[in-house]
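Novice: Sequence:
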Amino acid sequence: MLIVAGIPLFFLESSFGQFCSQGPVNVWRALPIFQGVGVTMVLVSTLVAIYYNVIIAYSLYYMFASFQSPLPWSDCFYWSNSNCSLTPRGTCGLSVCVSLPSLVALQRFSSLDETGPVVWHLALCLLLGWLLIAAALYKGIKSSGKVVYFTSTFPYVVLLILLIRGVTLEGARDGIEFYIGSQSNLAKLCEAEVWRDAAIHIFYSLSIAWGGVTALSSYNKFHNNVFKDALIVCLTNCGTSVFAGFAIFSILGHMAHVYGKPVSEVCVCVGFGLAFIAYPDALSKLPISPLWSILFFFMLLTLGLDSQFAGIEVISTCLQDAFPENFKSKNSIVYVAPCAILFLLGLPCVTQAGIYWVTLIDQFCAGFVLLIAALLELIGVFYIYGGNRFIKDIEMMIGTRSSLFWLWWRACWFFISPAIIIVILVWSLLTFSPPSYGTVQYPAWGVALGWCMIAFCLIWIPLIAVWKIHTSQGNPWQRLCAVCSPVESWGPYLEVHHGERYADGRRYYRKNSVHLQDNNVYIIPNNLTRL
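Heads up: the sequence shown runs through residues -17 to -1, 1 to 514, numbered per mature numbering (1 follows the signal peptide of the UniProt record, and there is no 0).
Just so you know, the hints here were simulated from the structure itself, not pulled from any lab data.
By construction, the Cβ of each residue, glycine as well, lies at the ideal position given by its N, Cα and C atoms.
Among the clues, some could well be false.
Capping the alpha-carbon separation at 25 Å, the derived lysine-lysine pairs in PhoX-like fashion look like this [unchecked claim]: (1) K204 with K129; (2) K244 with K122; (3) K204 with K122; (4) K211 with K129; (5) K204 with K375; (6) K171 with K244; (7) K268 with K244.
Distance windows between CB atoms, simulated [stated by the list, open to error]: (8) G228 with T383: 25 to 31 Å; (9) I(-15) with Q166: 31 to 37 Å; (10) S416 with W450: 32 to 38 Å; (11) A118 with S52: 27 to 33 Å; (12) P426 with L143: 50 to 56 Å.
Sequences and hints are given; from them, build the entire structure.
Specialist: Take a look at the structure:
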């Protein structure tokens, strides 16, 4: 999925944003009829930001809980007397997969039908998480860029420490063999869900189809080598995922050795369960377990903050693009106000039924919508805007390349990537099963609500397309042609970068604005205020 979808789409989105210095909505000035795709990306980023910070709240809570010895979850007595009374003490950590976070951290109710009160220790952790994000983004991309120097490098230090400690433990080899080796269940490759999960993981980790890549690349210099950036980021990102797997499964292998169980029975938890149930339980079996637990959850915190930075940047960038005069010198409001609103919207996710809401949003919004948005993005750029035109746009930034260089990218953009996404999307729909949390099935109204969230994100694509056609002039064919062509203001923002291809386009400049770049002074457009 990295090769056939991840890198091609990352290269596409980063080139798109860098070329016009616009966020995921205004970038579709290149193809107005598809502007709804940008709105869909922003809505998905907003919905995911609501529940994703709840995961950060979990990390904060577990990190704080780790400052004690023994760890609270090292003995089932602290979590569930009822479960342990029915299970031998030596294996109670494996008895009920959902008992560890549910009974203490989440105070979970039995179903989505029972909302219950807010779990205040989680609500306070949620508030702290949003305060950390608002503080890091307070001054915009400049302040968040400095914070990312730490949050993006510290996890490597922790992973290396955990890997060194893990491979020295008994049973580590069994865990690694289960991860990548003779014990791996290759039959899983025949399941649509695995391929869908692989695609979503790539889209998640690379921020593809969320608008994050487009928003962040819009701050690049025009002649930045976006191709080199795409390769470095994508390969480093997925290499880190593989590297992290060795650190995780080596310690899970040791836990299986301690319990005298196969690794497959230890790794029964999926999704949030692996990070907040199975792995914490494994860490509790190590000497100096609080130290390893603190490092692990602090690593999760830094990783979560990095992801949230991109999500909030999507929202703030779109606000600045849409209302440049209003937010010209109000960066703090653009970042702090969304954080405050999203905190309030996230409170239902920290009630006693909160984990059900988190799982519901995760399984619906972060799945089908991303695949559909990515597919429409490929169709819009390469079949309507024009693949050859887009390649020439890229060459304006990175220089002319040979036709052989573009052969693979053309194949991916025009055929391979769309075909793969269509197959996964159709396969996933045909094999769809209602979501569940552990053994708890969602009520019919919960599943219906999930589909409504998908519809809410996607409905803007046809609505905006119809609106654009309706507000155009001429007969129906002329209107359709107009909204399938770039607007007059489309192109590089700085006049010096227009070149011959965009020299005749009508541009809107602010008379008294200048932008310093390469020791020269250039006129800049009135909606490039964030640069």
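Novice: Each of the hints needs a verdict: does it hold here or not?
Specialist: Hints versus structure:
1. About 18 Å separates the Cα atoms of K204 and K129, which keeps this hinted pair within 25 Å; it holds.
2. Only pairs whose Cα atoms come within 25 Å are accepted, and K244 paired with K122 is rejected, the gap being roughly 51 Å.
3. For the hint linking K204 to K122, the alpha-carbon distance of about 20 Å falls within 25 Å, and the restraint holds.
4. Under the criterion of a C-alpha separation no larger than 25 Å, the hint pairing K211 with K129 is consistent with the structure, at around 22 Å.
5. Only pairs whose Cα atoms come within 25 Å are accepted, and K204 paired with K375 is accepted, the gap being roughly 17 Å.
6. A threshold of 25 Å between alpha carbons decides the hint, and for K171 with K244 the separation of about 21 Å falls inside it, so the pair holds.
7. The straight-line distance between the Cα atoms of K268 and K244 is roughly 14 Å, inside the 25 Å bound, and the hint therefore holds.
8. A C-beta distance of roughly 40 Å is found between G228 and T383, which places it outside the suggested range of 25 to 31 Å.
9. Range check, I(-15) to Q166: Cβ separation about 25 Å, and the 31 to 37 Å hint is violated.
10. Between S416 and W450 the CB atoms are about 36 Å apart, so this pair conforms to the stated range of 32 to 38 Å.
11. The given range of 27 to 33 Å is respected by A118 and S52, whose C-beta atoms sit roughly 31 Å from each other.
12. Take P426 and L143: their Cβ atoms lie about 45 Å apart, and the range 50 to 56 Å is violated.
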